[in-house]
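Chains C and A supply the protein sequences, listed in that same order.
Letter 196 of the first sequence, counting from 1, is numbered 196 in this note's numbering, and no numbers are missing.
Just remember that this note's numbering sits 258 ahead of the position in the second sequence, which is counted from 1.
Think of the hints as simulated: they come from the structure by calculation, not from any bench.
All values reported here derive from a predicted model rather than from experimental measurement.
We put the beta carbon where it would ideally sit given N, CA and C, even for glycine.
Negatives, chain A to chain C, calculated, CB over 12 Å: (1) 305; (2) 324; (3) 416; (4) 508; (5) 575; (6) 576.
Think about it this way: if two alpha-carbon atoms lie no more than 30 Å apart in a straight line, the pair counts; the simulated DSSO-like pairs of lysine-lysine are: (7) A:553 to C:134; (8) A:576 to C:117; (9) C:109 to A:569; (10) C:204 to C:134; (11) C:248 to C:27; (12) C:131 to C:143; (13) A:553 to C:148; (14) A:553 to C:160; (15) C:109 to A:576; (16) A:569 to C:148; (17) C:191 to C:136; (18) C:5 to C:27; (19) C:191 to C:134.
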Amino acid sequence: MITIKDLKANVETDDAKDGETSIEILKGLSLDIPEGEVHAIMGPNGSGKSTLSYVLAGREDYEVTGGSVKLDGEDLLELDPEERAAAGLFLAFQYPVEIPGVNMSTFLKTSINAIRKQRGEDELDALALLKLMKAKCAELGIKDDMMKRAVNVGFSGGEKKRNEVLQMAMLEPKFCVLDETDSGLDIDALKVVADGVNALRDPKRSFLIITHYQRLLDYIKPDVVHILANGQIIKSGGPELALELEKKGYAEFVGEAA
Amino acid sequence: MPEALQINNLPTPKVEEWKFTNLPRALPANLVLADAPQEVVIHKTSGQIGKKPEEIVFTAGDNEHTQPHLKITIEENAELTVIERQSGEGAYWKNMISEITIGQNAKLHHIRINQDSDDAVQTNLVHITAARDAVYNGFSLNMGGKLTRHEIHAEIQGQGAEVSFNGVNLLSGSQHGDTTILIEHQAPNCVSNQFYRTLLNDKAHGVFQGKVHVHQIAQKTDGYQLSNALLLSPDAEMDTKPELEIYADDVKCSHGATTGQLDEEPLFYLRQRGLSEAQARFLLVQAFVDEVVDKVESESIQEEILEITNKWLETALKA
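One chain only, chain A, in its complex shape:
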């Protein structure tokens, strides 16, 4: 069970895991402190298959300090899609905890669409446990907030489980978006995937810290991690820290991280085929994003996400 952040004991960049993200400096000055967490519970009992996605919205108003506590429990052989939407008005601090438990052979598709207000601060600590043959398929679209920290701690506890964390960060202005993931492989024959792509415009600052920790017992682990960031402006900044910590001797783990601009080769190729420079850029950047959105299983949700990302791209790439 993760502990919520306390306002009188906030992590500063002196703490290693927070070195790229200065939370105390970003918090609104006139916060009205919440007295109690607001609990949202989603529970699928054994064998229940959710046909429709379950939608939850977390909002907040100016100067508010909210402490949402989302509990999702999927019992054995059950299946569900959860769409979590984040929005709000004005300057606020959403200090959220998500506690996700996936039982044996159960499956959760978790879509998170973060469209917090421009002055918002959101910290979201997510704790996930996956039992034998469980599947967690997460997708996160991060584009809101002045400062956001999406911190995931996943414990793979049963054999044959598979967890995926895919995400797109679209940051502009002086936005700061931090994704920090720790995956612990505590059982053999499990798979974990991390695939994040970040677009940074203006003076935005992106952070990706991903760590795969393979315990000694977790033989035949298949761990994959990739973070690609595209800088659309010379003032944008990306900090990436990929890590593997492996104690088992028969595993397949890889990580990759890139930060850069669009390659000239494909741009020239497209222009030789008649596309204007702006059109070629748009197509390439769109493809960069779409490849991650493609990991979302439901086509209707994919379409909704692409509509949002395309709108962002049109604004960001306007010359």
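Chain C with its partners taken away, still in its complex shape:
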């Protein structure tokens, strides 16, 4: 499904040292997620977790300096962010962006139809969209009146993350990246979001879950856990690796690798 090989990326920076205008964050990251699997990436602050999610999604302030990313054989790095979305990549943002003046239903309609159009599919009409929206909202326990509100404006932390899962459910991507979905959530909200994600697990869909803490992985069981440090995967293992990490802390693993 998704194959990342020796990925290197820089981020532009303002506080340049020695005349450098960018810093290398990803230093040769390799990762292979087969179809239907859920992989988790854990790592300390500054290890490159969020950079990885932005680089995969194609954010412009990141410069890829080496390596490759392929989704079902297609070179993602060659594509614009919207083309990556159409190819099946979905990023659930750590901080979903507020968009004043654009209400949820307009946003979802525009998004779904933009993706369908890129894929050469017919656009959904208003009625079909409304039905889809209602069904998905009901599944996720989202009240209909949220559809009239501006995207993420005034949403609570839980509502924002549920909204990300709603979009994921509606856009039916092949590959989902969840960037610290657990941040800012209480246990109840975390369960709702995790249930939403679990409902989307499918033999044809893969997930990459980026997190600081093991807690989220109690609810979304990963097949493989990777530890990211200094821009590289330093260790991979089964779900038990997350528990071990929680017990020992990152320092031990990072030390081991160095």
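Following the hints, position chain A against chain C.
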């Protein structure tokens, strides 16, 4: 009562309130001077509720100098919606005065749609008085003219009155649009709102000067002012001067002013959800405008305005 501008005594940028707007330089050379103002009177007597909006059109032709004098009087407990349309052909100077009097507990919705010709100059001095519990709800769409100056002086004279000035400026080419507002709170417990959004394309130049003056007697004043400008081109320019002058000690006043480009964060978010860059830009800029148009009470007028603004956006954002 405001004084009309005189051609032999025009304000220059040396006058503080005119420092961003050079009127003498913009006036057409071959003006045929008007001899008398043209008066338009709209009057609602006590308790009369206007069910339909009253529409007025001000036009002018090439080389004309017109001096419209609009008088709107809404007596106590009356209510009216006025739609004022500005249009014309060729190069002209519309030198307009608007005199608006709102009586006790009376209400005026005032929609102004300015689609003056490309070579037009329009100066519009508006004077408003609001009595006790009066409501003035103004919306101005400014997109016409080579140079326009919409200058409002509002005097809130009675307790409990509420005045709102909302506006959208859509300027392109070398257009110059100036909105200058002075609100005087002369009575306690009154509310004033200013909410303007400006889109500037090409080499357009926008000006927003807004001042809230709270007199000592005007305790419990609630004054709010916000001007946001979006620059769609590197050559566009915005001058903003927000001011508060407060002499009462128990008031709530705020002002904010921003000038900038579209934020990258929402653009990226929308593109991650499949929208092309052009589509994402359009949606965000449209939302920026719509939030002000939303303040217009009548939905049918809102729709008409959105149709006009969307057409402008389609041209302006064409890559």
